[in-house]
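Visitor: Make a model of the complete structure from these sequences and hints.
Chain by chain, the residues:
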Amino acid sequence: MLRSAPVKEPLKAPFIFLFILLCATLVLSALNVLYTWGMYDSATRAFNPAYVAQRIPRSISEALIPSVVLSIVLLGLRMARKPFSRFLGLVIVLVVSYAVLVNGMIWIRTLSAKSTGPAEVPRQYIQPSTFIRIGDSVLSARALTDGNVQGILLYDPARAENRLSVYPAGSASTRAGVLTVTTLRPQVTLSGSPAPSWTSVFAADRFTDLFLRDIHTLTADFEKLRDGSLGEFFAACFALLFLCAASLALLRLTRWPLANIMLLVIAVRGYFSLYHLLATTIAPQVAGAVTDPLLVRLFPSAAFAALGVVLILVDILFIPADRWTKTEAA
Amino acid sequence: MDEDGGGMNRSLLGRIASFLFAFYALSLLAFFSYALLTFSATQFLPSMRWEYALKRGFVLFMDYLIPVHAAAVAVGASLAGVTQARRAPGAAPEPFNKLVSSTLVTFLLLTAGYSVLYEGLYPGARRGLSDMQYRSSLARQFMSQADAAVKRGDYRAGLDSVDRYLAIDPSNKAAANQRLELVAQVARQSAPAPGRSVAGLATTPPDTSAQGLVEKAKFYAGRQDWFSAHYYAQAASALDPRRTDALRLAAQASEQLGAILESEKDAKRAELFRQKKAAYTLLLSGNVVAAYYRFLELKKENPGDSDIATYLAVASEKVAQSTFFLDDARKMETLPGTQNILFLNGREKDATEAVYIGKMVEQSQGDAYFYDIEAVRYDAAGAVTWHFNAAYGRREGDSILMNCVDRTDNRLRFLPRYAQGTRAPAEMNVLALRPTVEQMRSLSLGRDALAVLGLAELWRMRGDLGSFGLSREALTVDMAMKMLMPCVFLILSIFALSLGWAFRARYFGRLSLFAVILIPLVPLVLSVLSLLYVHAHRVIIGFTVLAFGFTAALVVLVALQVVLLVVALIMLAGQSTR
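Line order of the protein sequences matches chains A and B.
In this text, residue positions in the first sequence follow my numbering: the first is 1, and each later residue adds one.
In this text, residue positions in the second sequence follow my numbering: the first is 331, and each later residue adds one.
In short, the hints are calculated from the structure, not lab data.
It is possible that some hints are incorrect.
Chain B is nowhere near these chain A residues, computed Cβ spacing over 10 Å in every case [claimed, not checked]:
| id | residue |
| --- | --- |
| 1 | PRO14 |
| 2 | TYR98 |
| 3 | ASN103 |
| 4 | ARG109 |
| 5 | LEU111 |
| 6 | VAL138 |
| 7 | TYR155 |
| 8 | ASN162 |
| 9 | GLY177 |
| 10 | ARG213 |
| 11 | THR217 |
| 12 | ALA220 |
| 13 | PHE234 |
| 14 | LEU258 |
| 15 | LEU274 |
| 16 | THR281 |
Here are the simulated SDA-like cross-link-like pairs (lysine to any residue), alpha carbons at most 20 Å apart as the crow flies [claimed, not checked]:
| id | chain 1 | residue 1 | chain 2 | residue 2 |
| --- | --- | --- | --- | --- |
| 17 | B | LYS607 | B | ALA597 |
| 18 | A | LYS82 | B | LYS607 |
| 19 | A | LYS82 | B | GLN905 |
Here the structure is a predicted model, which means the values were calculated and not measured.
Here a beta-carbon is modelled for each residue, glycine too, at the ideal position from N, C-alpha and C.
Guide: What follows is the structure, encoded as structure tokens:
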């Protein structure tokens, strides 16, 4: 009787990675489609297979980076339970994830170019005879047709008396999540982000909201780099994946696996915030001091690569390569 | 084997239970300390510090109970093998199902406990925090009113404001001292000024000789000032009892006074009868408030008059039906209630009514007092039909009555002030309300208006709240999320158990200091993950509600939970004891 030889773990790892990535991308893209339709398109378009087919490439594009990072972490968990050479692991993770991310983002660009982004319309915020909060004020309208609002009721808490005001008509527009309503006779403009935590169906708690914001910054920057210069895009992808792959060293940091996993997860969550901080706060300051735009564009990625190198050095110098095999043997 | 299994089982459960207890206690303590440290003396009265810390600490504890619980389970399971004796070489490992069976039962019990806390105590604690904030701002308002009144020398108004402040903050010693000072000031202010006596008579006769007094008595008798004549004659008789002339003069003056008093009594009776008739006419004509005040004044002057007492009671009853008393409203104002209520009070084809209420204090049997009321009605073209503000209101049946009167001072009356338009006289002081008191609780602009409602309340009101201006979809999703939380608690418990067991610490003999330092990381990371897990559910439920409605969302919710529970149990069953 023939017995199948057990496949070695390093050979399995790329396939496991791809399987995890497929599942993660599927779940995250599906959630993205549902969210986008509900949040932006439900007022104007029906949810049907045509909508999904049209939207899914864009959703995959938005979900690809978090999916790849999540897959690296999950593969890391398996590698913690079934360890093999750390450098081989690093190389496998880096090569496979890099190939998937770079190719995925380039190929998905062609498909997602055909799909239009979610149309931002006032209707997604203003429902007839429903209150919405904009800043401290509250607004309700009797009817809304193509940006024209009728029967506007405004509640202004700053007034001591006559807080309720009624305006016969006005106009409404949205841009980058900011809703602006301008009334006629007299002309009053109310502008601000509609408070999501009060009436929105998809309101995220503040921690999740920050996480989603960080992911959006990272994805948007990578798409810009991809559309601007492939060389810069390749470098940025490498820096991100190098840092994530190097972070797998955290899984061997202590002799308590659960604590190592927690360290890895918190580190990866921190990378997203760090990128947002570098891209939105520090990069503009660097731009003021440095004249080279390339340096400014790749500044967050350079910082990631440097951090990755530090982690590799820590791994080589301080973390035993054979922690698990040694302890298992002991 | 069974005994061993039982021992291991108890060991896992025991370890998890001890970590659960420690995590619950430490997190409660941490949230309580955090609430105490972040207590804002500008938002709340300093005397509310401990009450705030308790309520806020509990609310935070409930907000983060799921990650704290999951962390305790994961850490407990992960460290379950640390202190256990090693298995004998060659001995078969215990089946994992034997290890976790009682742990799963414990999870079910804890889920039931979580549901009770989440539905029972949590909404009340959140409502309590909101009440405390409102009462603090109200107390500060009273204190500044008191200061302003004292500055302008109106000590009575100042005392009234301080009394209202003390109703909210009775332990404030400074306010209590201020009250004592104001009581003294009010007493001084209301003491009668020394004035001249009747008919020009001095308080004490300047001439103290009996002869002099008799002569004065005769003098006043000659002028037919019988009060003065009687007074001086009495004084002379008191000074010298042998003076019979003084006694005679006093008797004569008394006789004359009696005759006068008798004739004055008849005139008074006639006047009283005329006043009673006038008040009675007011009562009959429907002007009950004026009639009430007339009868009240008459009662003060004629406390024993049975007619006045009878008709005052009738007027009082009628006043209570069409008005309410200011002191009752003010007494209720300091009690906890719902603030900043905004709703559409019905939307007809050609008109919309919007109502804002600053505060609502509920009474038994569905009645309530309202403060700072504003309402506007406008037509389809946006033209305002009427718009008014009213300081006080009381719920009467399905309406707000806004005719507030003082119990004793007929000049003090609060009615709606119309900024635009007007209404029929019969409707001027009344506004028909569509939402019930219970529904109005959820119409508050407070960010946690829906969070303070239990699932049962939301379920009961879900059909109506949308018509008052709340987003029906958001309401439905909130309700579905409330239903979801116990499932999240149970399923994440099982996932955490799998995670902890799969990555249990097998390679060190005891819990090191480094591991202890790392333990707080676990709830932190699991918070991030559990919040993402909950948000993913929100997206799915939100989509289903928008696309297919509430029933479909419920079906999807149940199906999803069943799938996730099965996945969690499969993951748990896949764990090895090797």
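Visitor: Each hint should be assessed against the structure and marked as holding or not.
Guide: Right, here's what the structure says about each hint:
1. PRO14: A:PRO14 is indeed farther than 10 Å from all Cβ atoms of chain B, at 23 Å.
2. TYR98: 25 Å, holds
3. ASN103: 27 Å, holds
4. ARG109: Holds, because the least Cβ-Cβ distance between A:ARG109 and chain B comes to about 25 Å, which exceeds 10 Å.
5. LEU111: 23 Å, holds
6. VAL138: 6 Å, violated
7. TYR155: Answer for A:TYR155: violated, closest chain B Cβ roughly 6 Å.
8. ASN162: Label violated. Min Cβ-Cβ 5 Å, cutoff 10 Å.
9. GLY177: With a cut-off of 10 Å, A:GLY177 remains clear of chain B, as the shortest Cβ separation is near 17 Å.
10. ARG213: Label holds. Min Cβ-Cβ 13 Å, cutoff 10 Å.
11. THR217: 17 Å, holds
12. ALA220: 20 Å, holds
13. PHE234: 30 Å, holds
14. LEU258: Given that some Cβ of chain B is not farther than 10 Å from that of A:LEU258, nearest at about 4 Å, it is violated.
15. LEU274: 15 Å, holds
16. THR281: Given that every Cβ of chain B is farther than 10 Å from that of A:THR281, nearest at about 22 Å, it holds.
17. B:LYS607 x B:ALA597: Between B:LYS607 and B:ALA597 the Cα gap is close to 15 Å, so the pair holds against 20 Å.
18. A:LYS82 x B:LYS607: 103 Å, violated
19. A:LYS82 x B:GLN905: Holds, because 14 Å separates the two Cα atoms, which is no more than 20 Å.
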